[in-house]
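2 protein chains.
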Amino acid sequence: MDMPANALHSMTRLRALLGEGYDLDMVRSLLQWDQATYMPDGGADARGRQLALIGRLTHERTTDPEIGRLLDVLEPQAAKLPHDSDDAALIRLTRRLYDRATRVPAAFVAEMLEHCSTTYQAWVTARPANDFATLRPMLERTVELSRRYADFFPGHASPADPLIDQSDHGMTVASIRPLFGALRANLVPLAAAITARPTPDDRILQHSAPAEDQLGFGLEVIRRFGYDFTRGRQDLTHHPFMTKFSLGDVRITTRTREHDLVDALFSTMHEAGHAMYEQGIRADFEGTPLANGTSSGVHESQSRTWENLVGRSRPFWEHFYPRFQQAFQVMAKVPLADFYRAINRVSRSLVRIESDEVTYNLHVMIRFDLEVELLEGRLAVKDLPEAWHARYQSDLGLRAPDDRDGVLQDVHWYSGPVGGAFQGYTLGNILGAQFFRAALRARPAIPQEIAAGRFDMLHGWLREQVYQHGSKFTPDELVRRVTGGPMSIEPYLDYLWEKYAPLYGLRADERAPVVVA
Amino acid sequence: MDMPANALHSMTRLRALLGEGYDLDMVRSLLQWDQATYMPDGGADARGRQLALIGRLTHERTTDPEIGRLLDVLEPQAAKLPHDSDDAALIRLTRRLYDRATRVPAAFVAEMLEHCSTTYQAWVTARPANDFATLRPMLERTVELSRRYADFFPGHASPADPLIDQSDHGMTVASIRPLFGALRANLVPLAAAITARPTPDDRILQHSAPAEDQLGFGLEVIRRFGYDFTRGRQDLTHHPFMTKFSLGDVRITTRTREHDLVDALFSTMHEAGHAMYEQGIRADFEGTPLANGTSSGVHESQSRTWENLVGRSRPFWEHFYPRFQQAFQVMAKVPLADFYRAINRVSRSLVRIESDEVTYNLHVMIRFDLEVELLEGRLAVKDLPEAWHARYQSDLGLRAPDDRDGVLQDVHWYSGPVGGAFQGYTLGNILGAQFFRAALRARPAIPQEIAAGRFDMLHGWLREQVYQHGSKFTPDELVRRVTGGPMSIEPYLDYLWEKYAPLYGLRADERAPVVVA
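The listed protein sequences correspond, in order, to chains W and Z.
Last residue of the first sequence: 516 (numbering that gives the first Met the number 0), numbering continuous.
Last residue of the second sequence: 516 (numbering that gives the first Met the number 0), numbering continuous.
The set of hints was computed from the structure by calculation and includes no laboratory data.
Worth double-checking, as some hints may not be accurate.
Facing chain Z, from chain W, some residues (calculated, C-beta under 10 Å) [claimed, not checked]:
(1) G41
(2) G42
(3) I53
(4) V103
(5) G231
(6) R232
(7) T236
(8) R250
Covered by chain Z, according to a simulated footprint, are these stretches of chain W (three or more residues, beta-carbon under 8 Å) [as the list claims (entries may be wrong)]:
(9) 12-24
(10) 28-40
(11) 43-51
Predicted model only: the values in this text are computed from it and were never measured.
A virtual CB, placed ideally from N, CA and C, is assigned to each residue, including glycine.
Kindly produce the complete structure, drawing on both the sequences and the hints.
Shown next as structure tokens:
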């Protein structure tokens with residue numbers, strides 16, 4: 000950094016302080032990873048206490064008034080640097096995070112963390128028991144805590160906005176609504192046209208296979224994708240996730256299902272997508288807030304890219320299907336075309352994480368709308384189970400037989416605040432297609448390469464364009480740099496149409512016009 | 000606690016402060032456990048940094064001047080309580096730990112932790128490569144750091160004393176030397192008499208078995224011992240250890256060997272012994288320094304009890320040998336007597352952890368003497384490999400072909416300070432036999448119970464007499480309470496003679512007279 004000596008000194012000091020907050024956050028992630036993978040039941044109480052303690056210490060570090068004083072010294076210097084200077088980006092990001100963190104008292108953070116840890120433990124047993132009654136008072140408190148969180152940010156249009164901003168900086172309820180509205184206007188007729196056609200048979204996927212074979216195939220695939228096992232590993236859990244203990248240790252988790260040959264595989268691809276984003280961040284960002292994916296939406300764009308745009312694509316399976324048939328003998332006589340139709344089967348279903356590319360966003364938008372209503376006080380927690388059923392009825396024409404696959408189905412509301420947790424999934428679908436279109440434009444041979452079982456061209460382009468930058472650019476800046484324009488739903492709708500129209504024999508006149516809000 | 004209100008308030012505050020130090024220490028243990036079990040190579044640098052940070056924070060907590068002020072308030076109150084009151088014990092222990100911790104600057108602690116983490120990572124690859132040259136400068140720095148540590152405790156007779164006191168409170172080089180001297184005076188002739196007899200054939204144990212079968216048998220045994228899997232688990236590592244993240248989460252690790260049917264089994268019993276001690280501590284001690292084993296020697300007494308006094312005993316195998324033969328078909332035709340002789344084979348060997356009950360202590364005493372010489376400046380690190388070989392030549396009549404099984408063999412000097420790391424093993428052998436004699440006196444049916452595959456009587460007695468108390472009593476207090484007298488080598492020597500004289504056909508006149516120092 001081209002700065003006077005005292006500013007250089009301040010920069011060094013700032014990096015040291017940020018490094019401690021970063022490492023404490025990584026330690027917290029390890030405590031959570033262990034809780035979700037290996038921890039015996041007897042460890043739960045102490046773990047909640049330890050998470051609360053580390054959470055409090057992290058908050059103390061990230062709100063240290065010395066950071067504020069250093070920023071005051073450094074900002075005038077950073078203003079003289081080019082906008083895309085690393086140091087300028089670090090100062091801007093640190094200011095944003097510091098201002099956000101200092102608004103929230105440490106005691107509140109600890110209260111929230113402890114409450115979430117308790118609620119998560121309760122959810123683990125309450126969901127299989129279909130027991131919303133036990134969780135209801137906890138969820139009421141979560142909503143209340145989430146509102147109190149929002150209150151620390153006066154001036155917001157919706158109490159959901161500060162929570163959305165936390166995961167998808169720059170977005171608000173007001174900016175998401177028209178985007179989701181336009182998307183829904185296209186997806187609803189698309190889903191209707193598809194589900195009016197005969198449903199492909201996916202019973203061919205419903206076979207038992209030893210867990211180690213399922214896992215083995217997935218590990219081989221993500222190794223080929225470029226997931227770096229010297230800087231990561233995979234373990235088993237109930238609800239798969241990616242986590243990071245440093246840029247050199249980015250782990251994924253998965254689970255196997257007994258009567259499903261591909262569920263673990265697609266989950267593995269999904270988490271590997273998240274992990275490759277983190278593994279691709281510039282090593283010199285380590286220990287700073289730049290060493291994180293820039294938003295939940297951009298993160299999800301990468302998990303969905305590797306799971307869907309690559310992993311459910313025809314070129315991918317042209318290469319991998321013979322190996323898959325070898326690994327799972329029961330598939331020996333099933334033609335590739337049938338398999339490809341089965342893994343891309345579109346159907347109205349009750350469970351988000353089992354849903355297909357076309358209806359997935361309908362699940363997400365239901366959750367987004369409900370959490371905004373909860374936060375804005377237009378929906379009470381006691382009425383949530385029924386509101387859930389009503390929305391599934393109206394949007395997907397289905398009603399879950401219980402709360403297990405209703406309001407208890409996702410971990411999010413039971414492990415963190417209510418608000419800001421879901422929009423990223425759909426933003427990710429939109430951005431994934433947008434980035435992928437840019438990649439194909441830059442390197443048109445990508446599909447041929449994938450059909451040869453190689454992914455260097457795509458992975459290299461994504462690393463270069465997206466991954467390496469971590470949080471250096473805001474989501475909006477990144478999208479404009481990579482695609483030349485703002486976020487747009489058009490590439491995603493084009494992608495869906497081009498993939499699913501031939502699969503289901505849709506006619507061109509059945510396509511709804513893309514109305515961009 | 001029967002105290003005035005302000006003292007009660009101080010006690011509550013003290014417990015809160017101690018709880019944070021305790022939890023940070025548990026978090027540190029998790030970081031280390033992960034490092035030794037699952038962490039990919041790429042995580043090493045950041046892990047060293049994170050361990051140093053948590054170590055520093057722990058040190059800040061345990062040296063918080065507020066603890067000193069609270070102790071000043073509470074000590075006069077505690078003095079009025081009976082000596083064996085829990086609160087009085089907590090105050091005494093906290094004072095000892097606080098005074099010890101406040102002598103050592105935080106920056107030194109961080110330096111030591113980071114150095115040890117780096118050295119450990121280097122040892123992991125240097126040992127198989129027989130590469131002492133790489134480790135030598137690191138070990139030189141470890142010795143220097145260990146001496147600097149001792150310098151924070153002026154007035155010691157040997158720089159090893161403060162390090163010994165840390166793990167075996169109350170012991171010094173001066174008090175250990177005569178004890179070890181008397182032990183050696185008995186063990187050397189015993190080993191000589193035994194190894195003059197024909198060596199039992201232990202090739203019957205050198206067979207391959209699937210890792211899962213080896214692990215399965217060990218897990219079944221320790222479940223029967225009473226190791227509680229709802230408050231623990233076992234994972235794989237290179238160098239087995241026990242660790243704890245709370246009294247509700249006490250884990251063990253092991254490793255399997257390809258051509259050895261019992262190595263993993265005895266290692267599992269050993270670590271389970273450590274773990275059952277910790278699992279047996281009173282739950283209401285959680286979050287305080289009372290919730291730890293009281294010394295390295297007492298800890299080791301329990302691992303050695305379950306591994307040797309139980310696990311290598313005739314009654315144990317009378318019950319378990321038929322199951323062992325079922326699990327490992329290759330043993331089907333081997334009589335119990337031969338198996339029993341094989342697992343109790345005494346031979347001069349090069350590797351401590353593979354050595355037998357009789358020669359084990361000779362290995363330990365070599366290390367103890369060498370580390371004292373290193374610390375007292377009578378031996379340079381550059382001369383250590385040769386000094387090691389010379390001592391093995393003189394004490395065991397053997398010379399390792401390389402440093403891998405010489406000076407590189409144990410992790411201790413490469414993962415912590417030099418000094419205080421080894422005496423506990425031999426103190427443990429001594430104390431294990433002493434406690435076991437007391438147990439047999441109180442409950443003479445223990446051997447019959449073991450021969451029936453049950454361990455409740457022994458486990459219950461040890462929980463009652465030893466485990467539950469954690470660190471409430473000093474090692475010396477505990478030994479006197481449990482056995483009615485001070486530490487004594489007699490029960491151990493009696494145990495060895497009574498077991499090995501019949502096994503090897505030794506005559507009564509071959510026994511050296513027990514000379515207690």
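Against the structure, the hints come out as follows:
no. : hint  : in the structure
1   : G41   : holds, 3 Å
2   : G42   : holds, 3 Å
3   : I53   : holds, 7 Å
4   : V103  : violated, 21 Å
5   : G231  : holds, 6 Å
6   : R232  : holds, 5 Å
7   : T236  : violated, 13 Å
8   : R250  : holds, 8 Å
9   : 12-24 : holds (count 4)
10  : 28-40 : holds (count 7)
11  : 43-51 : holds (count 6)
Hint compliance for this structure: hints 4, 7 are broken, all remaining hints hold.
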